[in-house]
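Line by line, the protein sequences are chains A and B. My numbering runs 447 ahead of the 1-based position in the first sequence. My numbering runs 447 ahead of the 1-based position in the second sequence.
Since the hints were made in silico from the structure, they are not lab data. Quantities reported herein were computed from a predicted structural model and do not represent experimental measurements. There may be inaccurate statements among the hints.
The list cannot tell twin chains apart, which means a pair is met if one copy fits it or any two copies do.
Claimed, not checked - DSS-like, lysine-lysine: derived pairs with alpha carbons at most 30 Å apart: (1) Lys780 x Lys507; (2) Lys712 x Lys1052; (3) Lys671 x Lys708; (4) Lys935 x Lys1052; (5) Lys682 x Lys671; (6) Lys966 x Lys1058; (7) Lys1069 x Lys1052; (8) Lys507 x Lys589; (9) Lys1045 x Lys1069; (10) Lys948 x Lys712.
2 protein chains.
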Amino acid sequence: MVTTAANINLIKILEDKAARLRIDCIRATTAAGSGHPTSCASVAEIVSVLFFSVMRYDPKQPRNPANDVFVLSKGHAAPVLYSAWSEAGLFPRDHLLTLRQANSDLEGHPTPRLPYVDVATGSLGQGLSVGNGIALNARLEKSDQRVYVLMGDGESAEGSVWEAAQVASYYGIDNLCAILDVNRFGQSGPTMLQHQMEVFRRRWEAFGWRAMIVNGHDVSALLKAFAEAEDTRGKPTIILAETLKGKGMDGYEDKDGWHGKALPKEEAKRVVRILESVLTGESDHWTPNLPQRRNPSPRPVPVGTTPRSPYIAGEKEVATRKAFGDALQALAKINPRVVALDGDVKNSTYSEEFLAIAPERFFEAYIAEQNMLGMSMGLAARGKIPFASTFACFHSRAYDFIRMAAISRLNVKLGGTHVGVSIGEDGPSQMGLEDIAMFAAEPNFTVLYPSDATSAWAATMLAAELIGPTYIRLGRPNNPVIYGPEEKFEIGRAKVIRQGKNDRVLVVAAGITLFEALKAYDELKASGIEIRVMDLFSIQPIDSETLATSARAAGNLVITVEDHYAHGGLGDAVQSALSTQSIPVYKLAITEIPHSGKPGELIEKFGISSKAIGDKVRELVK
Amino acid sequence: MVTTAANINLIKILEDKAARLRIDCIRATTAAGSGHPTSCASVAEIVSVLFFSVMRYDPKQPRNPANDVFVLSKGHAAPVLYSAWSEAGLFPRDHLLTLRQANSDLEGHPTPRLPYVDVATGSLGQGLSVGNGIALNARLEKSDQRVYVLMGDGESAEGSVWEAAQVASYYGIDNLCAILDVNRFGQSGPTMLQHQMEVFRRRWEAFGWRAMIVNGHDVSALLKAFAEAEDTRGKPTIILAETLKGKGMDGYEDKDGWHGKALPKEEAKRVVRILESVLTGESDHWTPNLPQRRNPSPRPVPVGTTPRSPYIAGEKEVATRKAFGDALQALAKINPRVVALDGDVKNSTYSEEFLAIAPERFFEAYIAEQNMLGMSMGLAARGKIPFASTFACFHSRAYDFIRMAAISRLNVKLGGTHVGVSIGEDGPSQMGLEDIAMFAAEPNFTVLYPSDATSAWAATMLAAELIGPTYIRLGRPNNPVIYGPEEKFEIGRAKVIRQGKNDRVLVVAAGITLFEALKAYDELKASGIEIRVMDLFSIQPIDSETLATSARAAGNLVITVEDHYAHGGLGDAVQSALSTQSIPVYKLAITEIPHSGKPGELIEKFGISSKAIGDKVRELVK
């Protein structure tokens, strides 16, 4: 960078802004009585340079889709993010003092309640994957938008960071620039690598990145590095910023034991006074760097009819996972906002059907489920409707991301196949047996569990239409098709598919167990016992009304049967829906660690077969 | 390696063994009608060299603690593991044909039902962390045992592999040798890096490993590499083996589309016939390489009394997390098998108290929870009692490992602190609100939820004594101590702590909500309404009997109150225990994504306060 008068002025502005950010962060955390001022101080120059020189954005319109994007992966430095937007003019400085209060959106860690936050952060190691997703969205939209992700050095120990790193270089995501704040301290002591900057460089370069080491408190060096990052083609860039925790905070610089602690009031005053003494007022000369080009608006949701499912009741058997793939392909044709991701099992989840006709909107995420989820979060934050699929059990790999997607209220759609013991020979490591517990625990997740191909198709279409995080539970085996294409499915609505006037018990099932319930129905009927059979379909929200009405009409007795562990599954959802109704609910579920074997054998062995249902019904009605 | 007659014979033996392994794997998978013969074929030489030359072990005593250890991280190659042990003489070859049958322990992926398997594999990317744990155990025991971990190239996309890699080099684990089977195909297509061997080398070297590229089908090259690995001091070694998927299987070598497919019977016969034609019979000259030194037996569990808790009821308030740390320190003194791990929050979980007095048995796992869990699994598999702690919400990062620990029936002890909205200002990203759902879904996990310091101490002691996976749920705030040191706690036993003759409702609580229930008790009593209050303590197993008896004695009405999301938590566990008893259960829990704020404000706002309990009681008894 040539030293010109303009540059010198710019540097003065950015240094002044950095000092102001520090002051704001100390004041806000001391007012709150908690928070991370030292973690803000180490990135003050980085944030200053990004917000007040590098990024093109409209400070009055944080939701302008043409703005460059900033992801604060080290979410505990939230005050510096809030301060930057205040300093940019979005809201008055006083508001910063509401930090961490119950009635303020300036939470302890950033959430998308704020218009300038795409995803909630604070669980470390997630921001880079989100950045991948946002940057890929910009590529899909042919936008020149750039994405900046600020990470901490401690968080780069998370494996998810390296999942994101390898995928970013594999896809050549050159509109992505990461910054690693190497301040050498974690929460409870020094980090593994402390200030071994060359080790960081070797790791990132080996993972296919352009890596630059800079002094993270040198505004001029940072400006140069960001300019080089922007000029880099074909690969992502990381700026490895050597910094000091607590930088600029007199008495707290580079000191262990000051993570996550607000300064006492008098100390805060003293430190702020010293910082104020170096303020120049140059900040006031700043003018925003508005985005030059407009990012295309998110594509409109297509209007028109949802395609009808192609399956014919009673004909060829079809697995629900196959219908999911078929439906994804249909969605690829009608909705350009739908994208798909898969964790190297696309030939098992049938997401390969999407790839076959929309390869530009399909992202192979390889065996790295956390990054798959994180990319989906980024894509969803920017208006796409991402369907991410893998075996149900492997979504557990990304549970922390799922949790943060729920907190972020993102529109992600997850398909989990190969659920339960009915997968058979592959054995317990491949069986999804805790996926309902995991997804339904998140209060804003919709959880659908279709039983046949028609309902799996419907569930996939409903998921695409719904705004909000959604999980679809899908099975491996081929099942009969029991619903015709004219059948209507709704989120939150169950179906009674066998009923009579003398029903003695209501059997609630979904997926593979629905077919066991239907077999039990036939067998029991032959011996003179009638039961009512319900296809639950929607686990969350649950159809409490139909459940209660049906149970009362069927002897006030309920049996649930599910290919899932006993805690937190379909049975618990039904029990919870009926828990104040004094209706006994008997739960058939998997109650021990299962084993390899043939699907039919395992359903029998672990007590969720038609025989198990029949036995329980006979025991209850005798 | 010098070419001598002995070496030439050894090479012939190992090549012959490799051919036999291939034949076994083809036959077994074809007999099963499923499985992964091509993934076995790529590692036949690697496994042959390890089992029949490199590793020192007693093939008749797979549980001999002095044996070198083999972890098959790419668990789908299970048949080659089974075949190796059969070939070594542990069981007859015919038994291999029971692969994947319901009555055979030769499951689709390996589990510790087999005496030569430490941990279940099949969810990829976990073996290296397990290897870290086993290797660290050998170091603690001053054993010369070596640990070999065989991984697939596809699985090395899992971030957990890089968590393990960084920690192995950080701790200088030089008795660990990994082998990467670079066969360039995943399940659904080529891997990200295919045969870019130099890229793999750069990545592993950057992560601090000695890395060697070899032809994975060249027995002589493999022997040389393993010898060099054994001579390497101060860092772990990885052998990057360039291989072909389906190697030696005529017509299936290096071909996409043959992952996880057994050959049809006629094809299997044809391919086996070709392989048989190269058999030399040299295999029969093999003699085992027995372990030279004895590994010390696992240390005995100390006999003697469990130390009494130091807290005095009614005196100073103590957080349950603090009592957990205190108890860990007490355990460090009395039980040399107890080890501790933490994810850089040891000053919040108080596991630093263990570190303070037993630093050699404390492993800082940094912010990499998956590897922390995997190391714990390895340590537990070898007789240690590992306590791994972090914030409850961050255990969700390792849910897939937790799932596999359950399948492996390992003796891991997990402490999760900072549960619920009662953590306050840090906001939702730091609140453990789905941890009960997650852990209790695993049917063999014990889940304890102590309320005060005395019971948290007791829970920690009980966890150490119990054999089996255990989770302890711990809170952030200081609470009154309500139990004295003489109080007895048992797994599976609840305590009724307030009761009278006119109780109208049973309120079931644990943790912070127990104190809200006690406040509600006082408030209600003052207005003439009596309630029974239960400290549930043990969520899984649950005390169904005391629950039912207490509910019947208290108006046949139950209210549960918990600082956890509504699905899969304490309330669902109680409902499930009472679901056939026609006792209405009303659940108070967190039903939406929470917010930052003061603990007391949040407990109020999200409906789990004494006021919420009182209101619900009044509504029910009016």
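Quiz item: When the hints from earlier in the document are held up against this structure, which numbers fail?
Solution: 1, 3, 4, 9, 10
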